[in-house]
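Participant: As a plain string of letters, each chain reads:
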Amino acid sequence: MNGGLRVQVGQLARRSILRTLRQPAQIVPALIFPLFLLAVNSGGLKDATNLPGFPTDSYLTFALAVPFMQGALFSVMNAGTDLARDIETGFLNRLALTPLRGAALLSGLLAGAVVLGLVQAVTYLTVGLIAGAELAAGVGGALVIVALSVLITVGFGSIGLFAALRTGSGEAVQSLFPVFFVFLFLSSMALPLELLQTDWFHAIASVNPVSYLLQAFRSLLIEGWNAADLALGFGIAAVVLAVGMVAASGALKTRLVRT
Amino acid sequence: MSSGREGRSTAGFRTVALAVAWRSIHNFLNNPAFLVPAIVFPLFFFVSFAGGLSAIANVPGFDFPSGYTAFQFVFVLLQSAAFGGVFTGFAVARDFEIGFANRYLLAASNRNGIIAGYALAALVRAFITWTVLTTIALIAGMNVGGSAGQIVALFSLAVLTNVTATLWAAGVATRVRSIQGGPLMQFPVFLILFLAPVYVPLDLLSGWIHAVASINPVTALLEAGRGFISGEPVVVALAFAIAIALPLLFALWARSGLKRAEAAS
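So the protein lines, in turn, are chains A and L.
According to this note's numbering, the residues represented by the first sequence are 30 to 288, in order.
According to this note's numbering, the residues represented by the second sequence are 8 to 272, in order.
No lab work stands behind these hints, which were simulated from the structure alone.
Check the hints yourself; a few may be wrong.
[Stated by the list, open to error] Cβ-to-Cβ under 8 Å is the rule here; a few derived chain L residues that face chain A:
#	residue
1	Phe41
2	Phe51
3	Val66
4	Phe201
5	Pro208
6	Leu209
7	Ile216
No residue lacks a Cβ here, since even glycine has one placed at the ideal position from N, Cα and C.
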């Protein structure tokens, strides 16, 4: 990265981070909502651990993977809504008049998602462990969980940027939230893939990448170190980020041409 | 003379309620952004819970006679009833935000009819959602062990839940008078619904969630509803006492909210 690009990314990143930190309405629901569902689900589905083949005797440990994914879904909304607001208020048009590069804009805008992802991951993990969840992979596993969570958050955040650039509307970005929630609901969110008895649900969950992202977290929490699960999880997260960035770059070019 | 005034008042109430309801329903049916989530969200919950958690029926001690699909159908029915009411509260808030509700307040001969109109619209919305949800559930093979009367009782609980949620949300909307009050309408409803025995019967819950669910009024509604659908009614009197008391209570809440809005307009 040359000096000019570094300065551009740095300034936009600073703005993105400050904007995220100054909006409790973005941070608080992203922290509270997943933890509330974790509390309810780990209490309500405790007996699922009695099912033959359930991988752990602590449903809390099993369910602790889910908040990381829910947190990532919030980053679609937060990153996308912030950029959509820049478009709606004309800020992006003003940026277009500067020598700012597209790559700098996108990277800088994702800095807020990185910070949010970091705060989320540390909070979920800390609360989960205090509540009694196990972490089979130890301290090193905790660091990998945080890294994976941030990567997934940034990956989903890039999709939020794409949506904002395509639509230019915060309302349209918000309407994506249910769509992404479908991916979470139709996954191995509540039970392991092997225990999903309904055939069509099992089939959908088996091809849903979210199931494998969840499994990467669970492998660290329940089993310890499982290279295959981690490789799959990090691989999928990297692909989501790459696809999101390519799509967002294309949408940015189109929008700037329109501008 | 007095009966003539009462007659005019009743007619005014009905006219206002029908006019408000017609506009609200018209907006709902003609805007995919309102219609689609109202139908799709409950379906996703149903599909996710009934499909993804069907193995829960094998948990030792789970002996619901009609199976897990019917068990979850009752929860999703009551949930969609409650959220149908909350989403109508959003419409009330939006009407205040854009100033349309002030025109209602100026024009209505009986202002109680405004709240009644929104409540009527919420019911129509809920019936549309329930029709789709029930059809999908039956296609998915849901077992219904209850008699026709018991199924009517189940849907009566859903209707009362819908009215309760509408009055709650309308009370918030008339106080906040902005769509920013949305989380305030939604979160308590979400909280009380999910702190009930959602996934397994109350007996199978343990720890803090059992303690909370035991005193949660929604638990009685869920247990009675599940009893109706399986043909083995339980806690019927308690459930209906709660289901009738709550709308009466929240009618006062909504009415006092309307008075505040009148004072502010």
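Participant: Work down the list of hints and note, for each, if the structure agrees.
Facilitator: Each hint tested on the structure:
1. Given the 8 Å rule on beta carbons, the hint for L:Phe41 is violated: about 11 Å separates it from the nearest Cβ of chain A.
2. For L:Phe51, the interface hint holds, the least distance from its beta-carbon to any beta-carbon of chain A being 6 Å, beneath 8 Å.
3. Because the closest C-beta pair between L:Val66 and chain A is about 5 Å apart, less than 8 Å, the hint holds.
4. Interface hint status for L:Phe201: upheld, as the beta-carbon distance to the closest one in chain A is roughly 5 Å, under 8 Å.
5. For L:Pro208, the interface hint is violated, the least distance from its beta-carbon to any beta-carbon of chain A being 10 Å, above 8 Å.
6. Hint status for L:Leu209: violated, given a least beta-carbon distance of 11 Å to chain A, over 8 Å.
7. Checking L:Ile216 against chain A by beta carbon gives a least distance of about 3 Å; that is within 8 Å, so the hint holds.
Hints 1, 5, 6 from the earlier list are contradicted by this structure; the remaining hints agree with it.
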